[in-house]
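Student: Chains Z and A supply the protein sequences, listed in that same order. Residue 35 in the numbering used here sits at position 34 of the first sequence, with consecutive numbering throughout. Residue 71 in the numbering used here sits at position 67 of the second sequence, with consecutive numbering throughout.
Bear in mind the hints are in silico, worked out from the structure with no lab data behind them. Beta carbons: idealized from backbone N, C-alpha and C, even for Gly. There could be a bad hint or two in this list.
[What the hints assert, rightly or not] What follows is a set of in silico ranges between Cβ atoms, one per label pair, in the way DEER data are often shown: (1) A:G82 x Z:V4: 32 to 38 Å; (2) Z:L5 x A:L39: 39 to 45 Å; (3) A:S56 x Z:T6: 48 to 54 Å; (4) Z:G16 x A:V33: 36 to 42 Å; (5) A:A135 x Z:P77: 29 to 35 Å; (6) Z:T22 x A:D77: 15 to 21 Å; (7) Z:Q11 x A:T121: 37 to 43 Å.
[To be verified] Stretches of chain A that chain Z covers, calculated by requiring three or more beta carbons in the stretch to come under 8 Å of a beta carbon on chain Z: (8) 29-42; (9) 79-88; (10) 122-131.
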Amino acid sequence: MLVLTRRANQSIMIGADVVVTVLEVRGDQVRIGIDAPRSISVHREEVFRELEAANRAAASPASGALEGLAALRPPPERKNR
Amino acid sequence: MSLVDADLPELHFASGLPGFPDARRFVLVRLGDELSPFSVLRSLDDSPEHPSGIEFVVTHPGLFFPDYEPEIDDDTAGRLELQSSDDALLLVIVTVADPVAASTANLLGPIVVNRHTRAAAQAVLGSSGYATREALVPTT
């Protein structure tokens, strides 16, 4: 892992168009600003990992389970808005 | 309660889905009869783990979670070229459980589809408080 030391308001460039800026350091928290093209998605790692795990758990359920699911309906009291 | 057109053409996820970055082309197929609230999102791209393609069960969140009104971030909206919320079809992925009544929906990462272009992405609602496993039916 590349390790760089930066102060508040200093930045790091990743490639030619991603700029990561340290905005504020307070105690054990660091506020970071990220400028990146729209094609690059930026997420907190733990949220993204949680979504990966959720997608893997949901992927390709057994076909037997699907038959039962097709009969499941929304609870009637929640059907109408 | 028409969730999807049976002949909805291919959906294109330009950057795949988290965990499945190579799954880009999907079709949406109804699961069960026409009253079924569920559809299957079926990948047309195979992967080492799923040689015959990946499938996800999806549903219209409004059917099970009438109060669910996620705010789609500007980046997702921009990437999908959504001009207004009318352009977007919102789906959520269902984790099928045994028994099926214990199945859950992923409200943290809804699937957003541009109805006109069929461009699609899984949004990541980082600070929304929504969870990846919300019960479809109350557990009382």
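Student: Are the hints correct? Go through all of them and say.
Tutor: Evaluation of the provided hints:
no. : hint                       : result
1   : A:G82 x Z:V4: 32 to 38 Å   : 33 Å, holds
2   : Z:L5 x A:L39: 39 to 45 Å   : 58 Å, violated
3   : A:S56 x Z:T6: 48 to 54 Å   : 50 Å, holds
4   : Z:G16 x A:V33: 36 to 42 Å  : 39 Å, holds
5   : A:A135 x Z:P77: 29 to 35 Å : 24 Å, violated
6   : Z:T22 x A:D77: 15 to 21 Å  : 20 Å, holds
7   : Z:Q11 x A:T121: 37 to 43 Å : 40 Å, holds
8   : 29-42                      : holds (count 7)
9   : 79-88                      : holds (count 3)
10  : 122-131                    : holds (count 3)
Hint compliance for this structure: hints 2, 5 are not met, and every other hint is.
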